[in-house]
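*Asks:* Here is how the chains run, residue by residue.
4 protein chains.
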Amino acid sequence: MQNFNWQRTDLIDESEEVVVHQTKEQKEKLEQSSGIQIEDRNAGRVKITDVLVDAEGEKQIGKKEGQYITLSVPTLTLEDRDGFAQLEQELLVNFKKMHDALSWQEDDKILIVGLGNRTITPDAIGPYLIDHLHSLDVIDEKFVMYAPGVTGQTGYETGEFVAAIAKRLQPKLIIVVDALATRASNRLCKTIQLTDTGIHPGSGVGNQRQEISYEMLGIPVTAIGIPTVVDAPVLIADAVETMLRSIAARVAERHKPSSKLSLSSWQPDIQQELDMSLVQPIFGEWATWSREERQQLFEETLAGAHTQLMVTPKEADYWVDRYAKLVASMLMNWASDL
Amino acid sequence: MQNFNWQRTDLIDESEEVVVHQTKEQKEKLEQSSGIQIEDRNAGRVKITDVLVDAEGEKQIGKKEGQYITLSVPTLTLEDRDGFAQLEQELLVNFKKMHDALSWQEDDKILIVGLGNRTITPDAIGPYLIDHLHSLDVIDEKFVMYAPGVTGQTGYETGEFVAAIAKRLQPKLIIVVDALATRASNRLCKTIQLTDTGIHPGSGVGNQRQEISYEMLGIPVTAIGIPTVVDAPVLIADAVETMLRSIAARVAERHKPSSKLSLSSWQPDIQQELDMSLVQPIFGEWATWSREERQQLFEETLAGAHTQLMVTPKEADYWVDRYAKLVASMLMNWASDL
Amino acid sequence: MQNFNWQRTDLIDESEEVVVHQTKEQKEKLEQSSGIQIEDRNAGRVKITDVLVDAEGEKQIGKKEGQYITLSVPTLTLEDRDGFAQLEQELLVNFKKMHDALSWQEDDKILIVGLGNRTITPDAIGPYLIDHLHSLDVIDEKFVMYAPGVTGQTGYETGEFVAAIAKRLQPKLIIVVDALATRASNRLCKTIQLTDTGIHPGSGVGNQRQEISYEMLGIPVTAIGIPTVVDAPVLIADAVETMLRSIAARVAERHKPSSKLSLSSWQPDIQQELDMSLVQPIFGEWATWSREERQQLFEETLAGAHTQLMVTPKEADYWVDRYAKLVASMLMNWASDL
Amino acid sequence: MQNFNWQRTDLIDESEEVVVHQTKEQKEKLEQSSGIQIEDRNAGRVKITDVLVDAEGEKQIGKKEGQYITLSVPTLTLEDRDGFAQLEQELLVNFKKMHDALSWQEDDKILIVGLGNRTITPDAIGPYLIDHLHSLDVIDEKFVMYAPGVTGQTGYETGEFVAAIAKRLQPKLIIVVDALATRASNRLCKTIQLTDTGIHPGSGVGNQRQEISYEMLGIPVTAIGIPTVVDAPVLIADAVETMLRSIAARVAERHKPSSKLSLSSWQPDIQQELDMSLVQPIFGEWATWSREERQQLFEETLAGAHTQLMVTPKEADYWVDRYAKLVASMLMNWASDL
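Protein chains in written order, with the working numbering: chain A, 151 to 488; chain B, 151 to 488; chain C, 151 to 488; chain D, 151 to 488.
Keep in mind the hints are simulated off the structure, nothing from the lab.
Remember, predicted model here, so these are calculated numbers, not experimental data.
One thing to keep in mind: the hints can contain errors.
Intra- or inter-copy, both count: the list cannot distinguish identical chains.
[Stated by the list, open to error] Taking lysine-lysine and the DSSO-like style, the derived pairs with C-alpha atoms no more than 27 Å apart in a straight line are:
1. Lys209 / Lys475
2. Lys209 / Lys317
3. Lys259 / Lys322
4. Lys317 / Lys292
5. Lys317 / Lys259
Using the sequences plus the hints, can you model the full thing?
*Replies:* Listed below in structure tokens is the structure:
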């Protein structure tokens, strides 16, 4: 009964290599050594991380060669119309740029695939996108649109589905929209990832879902992903990390003349170097372990039950609906200029 | 945008008092002192906990006076037809017993209310129940059925809705079906709670949802609740508790001739007394704190973000559908004998 | 299994008395004698018929005392954005005028009821309206909104439902939105009727659905109705009428120097006096009968089967969605000015 | 905005040739001359018409070479559990027989395609079937299931969709389930047609939907069709026919000592020879015209509006749900024996 198949590590900037090298020098070093270029910029309230991976980089970090653009509005809330508007605008700008090289003929087709399971709220962005595109008054004739469902519902691999339609339709471009898993709960529903590398289920996870990519299909595949869930063990390890670091930061502050300490962020403050031995008296030796070591400990001791759980915002239905509309609106705007 | 309002502590046997007193003697003592009677029994694979709270008990544990029956199949899986069949059978037996005293007239009505938000998968049991009852061929004429939605959708308190209909319809009985939150993730979707006390949102949680009860409406209210979510901070504290206890148990085992240690349970083994100082070298003083102290620490350091998250099974859609059908089937069977 | 209960003669301007008196003098005579005032006007492409019925008129034509405003765009198609925009604009203008006398307090509530059966496409305007209102970003706090479903689904009369909520909520105004039946298939989905008289199921039809009106509830009830179906026998009689009249018109034309004959209209041309004996050679004595006599003949000879059928546009799903959005948008605009 | 594409003359036994030759001798003559074999039989309450068309027959009546089995329960109502049970049983018997020749390997796949538009109630049988198959506990691993939607929603021909999936999946069998149009309103929702010839949109109707058949795909295609709509002009012509014939029958009866006249049937009684000149005094010369001539007259004089209308049972939602469940249940039973 395989009806749910989150891709666990889809966000490029959660790759260990990208995450770890955060200072300017480190980034430059990473780029020289590993074939990865990272550029951070801001457009209004939107934080944009633009990552280019070449063949060498693919070997280094196991992420497919290509471009990965991550757009975030860290302070986004459901009521934040301005935030959503800026996010849609930047998505459009970057989506346009990514497809500039394509030259369009009269009868070129675009295959839009809304992945995911309509009956699982946080996985429904893809299907809802197709619904929204359908209900818009003017359907662009370039679009062929499907929400193929999940293997547990259809008995057929999603990758096979896309390959079958693509082979017969021969579209100029395939656009795949999907919900993602993240390992930072504060990014849930606040981030969009855009990539020209398609969909690549992690090889190690035992995920049999087929890759959807230019390499497989001979047609460019652009993937738009929005993180809407985090796995339970990831959440737990992150929470412990955050707790330990915030305690350590407080202890460290005591000796400094600093005024105030912001604890507003859930995600561990990665840049800051903290002496974790400060909290050893209370939390023992394990406070000095790495986050990964602690997550491994949880995975071992918590046995199997927790792996069946997902963590998602309580208002997932509103978030999913907003993002489906945002992507639909962006695609219509983009297509109207082709 | 209040569209989601899990009742956090609905399961009676998660009340601190009920949980803590687990040995036979402790139970007897609890009953004498606090006006709570607890009876555990098994019916096939179904574990049944029957709790009677009287006026004195209500003061002691803050749970409404009345009967609370909890039915669990700890090993239940989605494929386990036998488990679901046994659970439905025991639910029917206990539901019948609870309503034995009612004598039915020809035109007595029963108001069935499916609470919850249809667009949030784990909250959709109530609405789906109403759908299933509707699609059954023979609608019992005794039934009046509504899925009133949530306040964020309708602009009206659910309690007000039920009061309005009840006042005009004057049903003989109100049956309220709802999804619940639990603080033990291993009980998610494996437990049904049946109570004649209706719905009582926790007083301290700032939950404005009105009580649905005999006291408010002058009509008996039976509530059927199924735990489908756990709050993120609860999950985290539970996970740490489980981890610490399983390490401590392992350390303790080293000195004993015991053969094997089962780590299969996620929920802390409450019965067993463990010397937590055994793990102090690694986990520090913290390991000897109570579970509640640790949860409080997480709540303080994790700021606000985590309170917006819920944890639910990845296959929530299947579970929710199964329970909606199970309750619909039980109710039809029960009504056919009236 | 009563799940569908079209109100057969809801459009005021299909009342026999209103229809028959079409010339200016006839209208004046009708107004003097029967307490009915009829005013026709055009606003852009929107044809507006404004009918005022007083107590005397209510006795004469069996339509409740009050105001009935019918707005039509006879040439409306699904693609006609301008037509829909004009229709919405005129609906807003007339809706405002109808409620001018109400003065609003801070916490006055408006109960919006979307009648109809969500699972029958042409009956789904009411439920879809509630969906659209819910998905709009800013829910007006004045609104309390329900799609109560139909008696076959809930086991409860819709009128009872509205009465129950209205009694407890005590709204300042009740707005009821419903799909209607028409007896002119060319008006299907091209007309909106607005009335301050509420919902009054025809007395003779054996329709048990309760009236929803100021008289019953003590609260003003405004009804917005959109005709989306026509009954099969009505369609048949109309079709025969149209066929006979168009043949007669053709025959009559032969003797006149007229150039062209428009047959574009499906609805019989009511104004024109035609000598139906012209077609008697082909169609017999029958051609000279009245439309009503012919319909009665069909009803007698066609036995029961046809009464179970409804006639609706093939693209009912699009029409229903458009009107639900149109009414939602109008209501939001109106409420933003209160 | 092509979202609705009823196939107008799909029921084989509504082909003029099949309908007209109703006596035993006529049938034999038809079979000899035209390569059509017709066999009528009854199985309990189910009327079964089994039509075999060979290459010669295909030329004669324009229906594809192959087998057409029509199963009807003329007295079927929604509450008639026995009727539905018999219909399902006979469908299973005939479905089995039709596929007896196929020998199954371990990993053979069956592609099940639920055609139609989910948002148009009478067209939703196909999509609902897929839903029901999905919600059944044990999904047969042989099944690959899709409800591809309609061209207006997806931008892609349904035939292309099926061809694309079929080409890649290479199923052993394709099963296509669809709602049909009939020209006899008394057959609405009371008939199932089973054929091994696939889906062949009428050539003359300007219907661009691609054929789904063995000839096109190289894979056997079985189609299961249920008539749920009738076109408005067909209904009108049928109603006039019925009316005229029932009057003529009554007039004829006057001169006979017959006891009783059944008018229960809506469909014209085709077997009986009636002297239509009996009604000429009232209905004129046109009473003696053929049904087809009269329909043509309606089509000419009613212009375009009526062609946009469909006629369907008022309780279409219940019928569609019942048939979706019936076909799902039959398919599961059949597959369990493979």
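*Asks:* Could you run down the list of hints and mark each one as holding or not?
*Replies:* Quick rundown of the hints versus the structure:
Taking the shortest Cα distances, Lys209 and Lys475 never come within 27 Å of each other, neither inside one copy (36 Å) nor across copies (50 Å). With identical chains, the CA atoms of Lys209 and Lys317 are never at most 27 Å apart, being 29 Å at best within one copy and 35 Å at best between copies. For the identical chains of this complex, Lys259 and Lys322 are intra-copy neighbours only, at 6 Å inside a copy versus 30 Å across copies, given an alpha-carbon limit of 27 Å. In this assembly of identical chains, the alpha carbons of Lys317 and Lys292 lie at most 27 Å apart whether taken from the same copy (17 Å) or from different copies (23 Å).
For a Cα distance limit of 27 Å, the shortest separation of Lys317 from Lys259 qualifies both inside one copy, at 12 Å, and across copies, at 20 Å.
Of the hints listed earlier, those the structure fails to meet are numbers 1, 2, in rising order.
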